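Start from the sequences and build out the full structure, keeping to the hints where you can.
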Amino acid sequence: MSNYQPTGGRLLTLPVVLLAVIAGIGLYYLGLRFVHGLGAVTQLNGAHAWGIWVVYDVVIGTALACGGYALAITVYVLNKGQYHPLMRGALTASLFGYALGGLGAFVDMGRWWAFYNIFLPWNMNFNSVMLEVGLCVSAYILVLFIEFSPVLFDKMGAQKLRNALNKVLFLFIALGVLLPTMHQSSLGSLLIAMGYKVAPLWQSLHLQPLLALLTALTMGFSIVIFEASLVNSAFRRHEETPLLSGLGKAIVGLLTVYLVIRFVEIILRDKLGLVLAFDMNSVLFLLETALFVLPLIVLLSPAKRRNGRWLLTAALSMLLAGTLYRFNAFLFTFNPGPGYSYFPSAPEVMVTIGIIALEILVYLLFVKILPILPVEEKQQSH
Amino acid sequence: MKRRDFLKATGATLLGSASSVAQARPNLEPAPEAVGMLFDSTLCVGCKACVSKCKEVNGMPPVIEGDAVQYDSARDLSGDTLNVIKLYQNGQANQKDQEVDGFCFEKRSCMHCVDPGCVSVCPVTALRRHPKTGIISYHVDACIGCRNCTMGCPYNVPQFEYDNPFGQIRKCEMCNQAGVERIDQGQMTGCAEACPTGATLFGTRNELLIEAKRRLTLKPGDIYNYPCGDVNHPDSWHEQEVAAYQPHIWGEKEAGGTNVLHLSAVPFDKLGMPPLPERSYASISEGVQHTLYSYLALPAAALVGLSYVVHRNTRDSEGDSDE
Numbered sequence: 012m013s014n015y016q017p018t019g020g021r022l023l024t025l026p027v028v029l030l031a032v033i034a035g036i037g038l039y040y041l042g043l044r045f046v047h048g049l050g051a052v053t054q055l056n057g058a059h060a061w062g063i064w065v066v067y068d069v070v071i072g073t074a075l076a077c078g079g080y081a082l083a084i085t086v087y088v089l090n091k092g093q094y095h096p097l098m099r100g101a102l103t104a105s106l107f108g109y110a111l112g113g114l115g116a117f118v119d120m121g122r123w124w125a126f127y128n129i130f131l132p133w134n135m136n137f138n139s140v141m142l143e144v145g146l147c148v149s150a151y152i153l154v155l156f157i158e159f160s161p162v163l164f165d166k167m168g169a170q171k172l173r174n175a176l177n178k179v180l181f182l183f184i185a186l187g188v189l190l191p192t193m194h195q196s197s198l199g200s201l202l203i204a205m206g207y208k209v210a211p212l213w214q215s216l217h218l219q220p221l222l223a224l225l226t227a228l229t230m231g232f233s234i235v236i237f238e239a240s241l242v243n244s245a246f247r248r249h250e251e252t253p254l255l256s257g258l259g260k261a262i263v264g265l266l267t268v269y270l271v272i273r274f275v276e277i278i279l280r281d282k283l284g285l286v287l288a289f290d291m292n293s294v295l296f297l298l299e300t301a302l303f304v305l306p307l308i309v310l311l312s313p314a315k316r317r318n319g320r321w322l323l324t325a326a327l328s329m330l331l332a333g334t335l336y337r338f339n340a341f342l343f344t345f346n347p348g349p350g351y352s353y354f355p356s357a358p359e360v361m362v363t364i365g366i367i368a369l370e371i372l373v374y375l376l377f378v379k380i381l382p383i384l385p386v387e388e389k390q391q392s393h
Numbered sequence: 006m007k008r009r010d011f012l013k014a015t016g017a018t019l020l021g022s023a024s025s026v027a028q029a030r031p032n033l034e035p036a037p038e039a040v041g042m043l044f045d046s047t048l049c050v051g052c053k054a055c056v057s058k059c060k061e062v063n064g065m066p067p068v069i070e071g072d073a074v075q076y077d078s079a080r081d082l083s084g085d086t087l088n089v090i091k092l093y094q095n096g097q098a099n100q101k102d103q104e105v106d107g108f109c110f111e112k113r114s115c116m117h118c119v120d121p122g123c124v125s126v127c128p129v130t131a132l133r134r135h136p137k138t139g140i141i142s143y144h145v146d147a148c149i150g151c152r153n154c155t156m157g158c159p160y161n162v163p164q165f166e167y168d169n170p171f172g173q174i175r176k177c178e179m180c181n182q183a184g185v186e187r188i189d190q191g192q193m194t195g196c197a198e199a200c201p202t203g204a205t206l207f208g209t210r211n212e213l214l215i216e217a218k219r220r221l222t223l224k225p226g227d228i229y230n231y232p233c234g235d236v237n238h239p240d241s242w243h244e245q246e247v248a249a250y251q252p253h254i255w256g257e258k259e260a261g262g263t264n265v266l267h268l269s270a271v272p273f274d275k276l277g278m279p280p281l282p283e284r285s286y287a288s289i290s291e292g293v294q295h296t297l298y299s300y301l302a303l304p305a306a307a308l309v310g311l312s313y314v315v316h317r318n319t320r321d322s323e324g325d326s327d328e
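Line order of the protein sequences matches chains C and R. At position 164 of the first sequence the residue is numbered 175 (my numbering), and the sequence of numbers has no breaks. At position 264 of the second sequence the residue is numbered 269 (my numbering), and the sequence of numbers has no breaks.
What the hints contain is simulated information worked out from the structure, not anything from laboratory work. As the structure is a computational prediction, the values presented were derived from the model and not from experiment. Warning: the hint list may mix true and false statements.
[As the list claims (entries may be wrong)] Derived DEER-like restraints, expressed as beta-carbon distance ranges:
| # | chain 1 | residue 1 | chain 2 | residue 2 | range |
| --- | --- | --- | --- | --- | --- |
| 1 | R | Gly184 | C | Phe117 | 27 to 33 Å |
| 2 | R | Lys258 | C | Ser312 | 52 to 58 Å |
| 3 | C | Ala31 | R | His295 | 34 to 40 Å |
| 4 | R | Ala302 | C | Val46 | 45 to 51 Å |
| 5 | C | Leu131 | R | Ile69 | 51 to 57 Å |
| 6 | R | Val247 | C | Val46 | 51 to 57 Å |
| 7 | C | Val46 | R | Tyr313 | 48 to 54 Å |
| 8 | C | Asn346 | R | His295 | 38 to 44 Å |
| 9 | R | Arg80 | C | Tyr39 | 30 to 36 Å |
| 10 | R | Lys137 | C | Asn346 | 31 to 37 Å |
Heads up, the beta-carbon is just placed ideally off N, CA and C, and yes, glycines get one too.
Here it is in structure tokens:
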């Protein structure tokens, strides 16, 4: 028997219609990109080859979709079964986040019709971080779909398929922990080869993969808290705060490790002066750091950790911190030399907003139709 | 041990061990018969004959800005421009080769790195370093258009054709791409051939390095007979007063060195050259990547361990093991 059920309710609500309109506008500009080329829609240029499509949709989007990853570690590796009720919601959000991240990468590809080249063994360059990212993200989208498929089997009543899958599911769960560890760290490693173009405060060279992984994990835990709180208020369900506050504790540990490594690197490489220079980079760094420190302070207090509002505030701050860290490193402080600047065009922004709208839209529809959210009242798993 | 000392020690160990990872691979060495060019900014008069010749050889249209139709007015590299001459000017801008109140010209084209970032980052091996000549070539059939090459190039050289829905990357291939093959046929690059003053000189990296070092020993104000065309058998010579060179051959060591070398009287950072350490970023990136993914040993071991743990943890709660 399943512990999850569809929430039901009308499908064609006002939010759904609004989201569909926004997604429609984004899709229109996306169409222009395919007819007239990347230059017609984006502000990409000779030195700024990656704009918000890569940085937001792929780098940040997949980090925000790490809820399934973070929760899989908690439930299946650390064996904390009490978090199981949150699993399907997190998994669904991860599936959409990653699928749309993959879509974002695809539409940004200048030669999208040749994308399959990355899967041909004789083309593969094993020195390339991008190869690892490409293969690993593709594989993980597949794994997420397999992990999600019990939801569909439940809906279809395909008990036999479900039982068959259950026998090997542990393998896919293990892959679902391994693959994000690999590509989330690699997304940070992409910065190494960009060298001096990445501002010194964000160019940690060998430590890039570690910092990217730690922040992706904290973002994963935070997005679970964020989504669960949001879903609870949107569908007027009772709160899962006690469960969520436990996740808050995990964030404290990860954040502490992250901040120590981040600052030790800055101190040892003599970059402390840049922190206090109070130019644009320094202000962005201080803002980013404040967003990382705030959740740490909030979550260190057991009372605040058990308060739904504080918990949500901490999670939001953490999500913004991880997002800003990535924006800062890849875009805001990225400096490829004199003569070039980048600011996204309105159509370019609309495509990204459209993709986000599409993601939320499909999530709303899915939880209404499919058994994704835990059954109300009693949510004790055996 | 004080807490602060402890943190410092831990940090140093962490940084140290992380850095030792990158020592796994040193910078690449120059190709055995590396060909290149020597661009001497003090000889360049800004005529842009090289820009024009480059377009002719590579079949690219001129870039026209406003009504200036008699000139190619490309300001920077693009999908239509593989080689461009840029103007440096300061203050009065009336003294050639002077940093203050002076002007000079600088060539922008692929530097053909010894340890190329573009080749290192390309996921599909669409960019390759020729094992003998060291020429960095582009192979459109493999390219997926991710543009990581542009991001990984210290000089922002590989250019995507953004105005073409079915575009590709464009970069200087030393006039040796399929269908052109000037180097294979014993010719020199188009830009070196067109240059009237010898500012762009063709040759092997070794010969050019010797010539560049010789120029740095000359006394400013003396007359030197500069070779034009191919350093090995010049088409002609060009006598000129020696300028006050910066004591620095760009490309001898920067990020592992380049096959295209630059000399100048104005400091290179003023000419827009990037701040590069001697160690190539490609070698650091590959060091990290190969430590983590060598023979996929670490991921494979992790998968076995994770499978075991997950299997044990899901077995306990039969009937609930739905994800």
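Comparing the hints with the structure gives:
no.	hint	verdict
1	R:Gly184 - C:Phe117: 27 to 33 Å	holds, 31 Å
2	R:Lys258 - C:Ser312: 52 to 58 Å	holds, 54 Å
3	C:Ala31 - R:His295: 34 to 40 Å	violated, 47 Å
4	R:Ala302 - C:Val46: 45 to 51 Å	holds, 46 Å
5	C:Leu131 - R:Ile69: 51 to 57 Å	violated, 40 Å
6	R:Val247 - C:Val46: 51 to 57 Å	holds, 56 Å
7	C:Val46 - R:Tyr313: 48 to 54 Å	holds, 51 Å
8	C:Asn346 - R:His295: 38 to 44 Å	violated, 28 Å
9	R:Arg80 - C:Tyr39: 30 to 36 Å	holds, 32 Å
10	R:Lys137 - C:Asn346: 31 to 37 Å	holds, 36 Å
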